[in-house]
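Q: Generate the whole structure from the sequences, applying the supplied hints.
Here the protein sequences come in this chain order: L and F. Under the working numbering, the first residue of the first sequence carries the number 1, and numbering increases by one thereafter. Under the working numbering, the first residue of the second sequence carries the number 420, and numbering increases by one thereafter.
Everything labelled a hint here was simulated from the structure, so no lab data went into it. A couple of the hints might just be wrong.
Just so you have them, the derived chain F footprint on chain L, three or more residues with Cβ under 8 Å [unchecked claim]:
id, region
1, 33-40
2, 232-240
3, 310-316
4, 353-367
Every value quoted in this text rests on a predicted model; they were computed, and no experiment measured them. Even glycine gets a Cβ: it sits at the ideal position worked out from N, Cα and C.
Number of protein chains: 2
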Amino acid sequence: MNRSAEIICVGTELLLGDILNGNAQYLAQQLASLGIAHHYQTVVGDNPTRLKRAVAIACERARLLIFTGGLGPTPDDLTLATLAEFFDTDLAERPEIVADLEAKFASRGRTLNKTSRRQAQLPKGADILPNPVGTAPGVIWEPRNGLSVLTFPGVPWEMKTMWETTAVPYLQNSGWAKGVIHSRMLKFWGMGETTLAKQVQPLLFAENPTVATYALGGEVKLRVSARAESIEAANALIDPVVDEIRQITGTACYGQDSETMAEVVGQLLLAQKQTVSVAESCTGGGIGQLLTAVAGSSGYFWGGIISYDNRVKQGLLGVEASVLAQQGAVSAEVAAAMATGVRDRTGTHWGISVTGIAGPGGGSVEKPIGLVYVGLSSRHFTRTEKFLFNQSLTREQIRQRTALSALNLLRIELLGKNN
Amino acid sequence: MNRSAEIICVGTELLLGDILNGNAQYLAQQLASLGIAHHYQTVVGDNPTRLKRAVAIACERARLLIFTGGLGPTPDDLTLATLAEFFDTDLAERPEIVADLEAKFASRGRTLNKTSRRQAQLPKGADILPNPVGTAPGVIWEPRNGLSVLTFPGVPWEMKTMWETTAVPYLQNSGWAKGVIHSRMLKFWGMGETTLAKQVQPLLFAENPTVATYALGGEVKLRVSARAESIEAANALIDPVVDEIRQITGTACYGQDSETMAEVVGQLLLAQKQTVSVAESCTGGGIGQLLTAVAGSSGYFWGGIISYDNRVKQGLLGVEASVLAQQGAVSAEVAAAMATGVRDRTGTHWGISVTGIAGPGGGSVEKPIGLVYVGLSSRHFTRTEKFLFNQSLTREQIRQRTALSALNLLRIELLGKNN
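A: Listed below in structure tokens is the structure:
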């Protein structure tokens, strides 16, 4: 029998396509990072007969069965009852879960009812997998010798919390996770996948760590993955490769892992004690939205002006009517005037502006959809950059890439310290 | 044997968690809307042995096997070769596919190489499932009596195009899709799931159409689903139920299906020939971003001011320093001054403002995280509304709900026409 895991997601809503199976992706990533092989994923509805068949198949091809969904209090939550039946085990109410449920209900000013109390029934012999952020607990259970069963609720936030707090230590202590596969994702902006692949080509053939390219949404990524005894040992393999890549690619690498462009720009501004404001046309507030998604952004972002209509470009940003008339709203001159205008009016060190044609209407031969001007203004200079995004992109894609390109321009400038 | 479908997604990247399985969700929705039962989904890597095992299991429990992934030109694209081997059939090169590939390569100024030509090899007896938007074609194949196999590339855009142009007509003509299940999703804002369920309770027990509630991200939805011979016949069953729900729930239902809050508000503004501007603090541009996500929003949205910092609230919106000092930036008074300020300065009919505490820092006992004031100003009045979102929500969730609540306030006002 194969010492591998299988993910079994239970829920008719998955079969109806009501929800995306993000749980399977999360668990797959987690298994990979723990070095646990996993060859199959199964999705099955809230149906005991079919669930039992899926379990029978999974028992034949895996030794670690990970279930999500079907743990709640409603009648269609039947994962544990079905597993108990399949493994010929009785359910028994656990007093400690009843106490926990009662406390959770009391904290909301409610009393535990019979329906919700059903969640306290677990198969005999199973350990409790506590749910610190919701009501339904899971189990860690070895119903047969060499077969481990973990169950989680379908609610992603609960599932992830339970996975991290209890399941990962269990898998490490029980010998499932022998060593780790640890990765770092380097993120690039303003560079195509082919160019990047050429620059780092020799590294793409390395074995440990491996280096692979990914491209999505205008962003290119390099994943550096190492297999080792521990995360520390993996990092020791990864660090020099990451250093080498950063040296080769220069400023094109803007961050790594969960770092966003807005976070990186924010850190640079904070470190240099500088502030920024925005003047947005086609992005309509999207740059401000990205910047303020970062907690603590009030330390460097003051705000700005959404000048979607030319009347706002004139009235609030001081763009001259003659420039708008002669050059058009989508022009380097207007981008420059917007960036200077917002910096003047707010008093920040930097002003960023964007004006462009996001489509689907409004394009012309001279000024096609995807044409965008970004402006950047400081005390010392104002400059603009022209972008021509692919016309096949959607309105949202063009707006998103415009916002990130504008932030990237400021990032490069801050790195050069030539302000 | 069960006259149902099974979705089999082939790709090691799914097992590594590199990508979300959006294809499974799309196909699940499509099968549901065509009235084709589907009880299992399987994910398996680019491994012929395991893929064959998965096919063997699927043949036991379904009669329509739908594969995605593994159709490309690279060595790990082995879905068709594996299926051919499993069903003991030879592959044969199809001249019409070679011609198609040659034409597609020529249009990009390239010649067809040996690797890419491999995509022209299909199992003998299989029909071609053309790929109008990419290179790799799929098959429609009955390798055994009563067993249908459809294959698609993993690229979502290609898969969906091929599904819609060729697979759906095939399923309809071959008797797979008997009748349809058609749904309409009604979307509600500012009403809890329990309240809504109580209001429409008798309908929740109806059979055709069925009515079910969903709650996600502060939004509650009602899905009205009917099974009928055709979409038209289903709509005839759905329409009166939707009318009844809209009558019961009044203005709480803001839209249906893919309609967004910003679109609905935009349509109302357009119809009433009115314009709007925004003054945003905690959302940082998010309301403008939502409004301008709608193509044609320049017809009613002029722009506004992102007043994240108090200096911008004072300098650009004219909020008085004394009000900021006495009431604090997060207060009804400041929200009102922001809404009036932006309307005055832009000259729009409406001014919307938001100021609040999105967290994770910045909360206090008097002004906790989740406290938000929304302001709405017209020629005739300025009013504010206080919201207290759950503190357990993330910063992004609070910001998103704030933006939608602000738009919803304007929507209700526009419906009342008391402006």
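Q: So which hints don't hold here, by number, going up?
A: 2
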